[in-house]
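Trainee: Sequence:
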Amino acid sequence: MAAARPGRQFLPTPERDMHTTTHTTAMTMDKPARKEPPPPRNGVDTPTLFATINAVAGQAELARFRFRARSRWVSGTHSVSTMKDFFGAGAEQSHATAHEAHGDHPAVLCGADQGPTPVEYLLSALAACLTSGIANIAAARGVTLHKVEATVEGDIDLRGILGLSKEVRNGYEGIRAQLTVAGDAPKEKLEEIVAQARARSAVFDVLTNGVPVTVGISA
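The opening residue of the sequence shown carries number 734 in the working numbering; numbering runs sequentially from there.
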């Protein structure tokens, strides 16, 4: 997830959370001075990013987030999902504007092609998560990016979805992400940035480790 935009506080900063005092104690003197964050880079507000990390380090409850997507059926295989409000940083939050995502099937899959298929959104989510991570990590390490491109492919056998074979799973059999990254750093450092982005990607984690999913119904 990308850092907050400049001028907006994503989470309370340590300076705002701590009581202001004019005296110095032995305890505070023993604490190592915090390293100043690098200046904004790659469109990332690094001071706010570092302030967010420090705030969460001091108050773990601020790290608890709950995202939501609300979907409504339109017709056939066409549906529209809306992402507006979510919980995080100890309170209800909302996007500046509601974001909509149309999902459908192409004609070859009996749809009206009013949007990408749900499984294509999954590939897009992985690409977006890795890309935002690369931008944040590069900015934190003082690397200016020139280009970040991702191609994500997934192989799926429809016999599972169509109920034609119990030996075929419904979802992807495999997913491949190919990244092209260029910046003012050696290849080895860029590879380290990509590796850390993968290690910290929420979407990569969900896809590779799985997550419990429950489905309820109200009629």
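Among these hints, one or two may not hold up.
Between beta-carbon pairs, the in silico distance windows are [as the list claims (entries may be wrong)]:
1. Pro919 / Ala834: 49 to 57 Å
2. Ser804 / Val939: 39 to 47 Å
3. Glu825 / Glu900: 43 to 51 Å
4. Glu833 / Asn942: 23 to 31 Å
5. Glu825 / Gly791: 39 to 47 Å
6. Ser827 / Ser898: 39 to 47 Å
Source of the hints: derived by calculation from the structure; they are not laboratory data. A virtual CB, placed ideally from N, CA and C, is assigned to each residue, including glycine.
Trainee: Please name the hints from earlier in the document that this structure breaks, with their numbers sorted from lowest to highest.
Mentor: Numbers 1, 2 and 5, in rising order.
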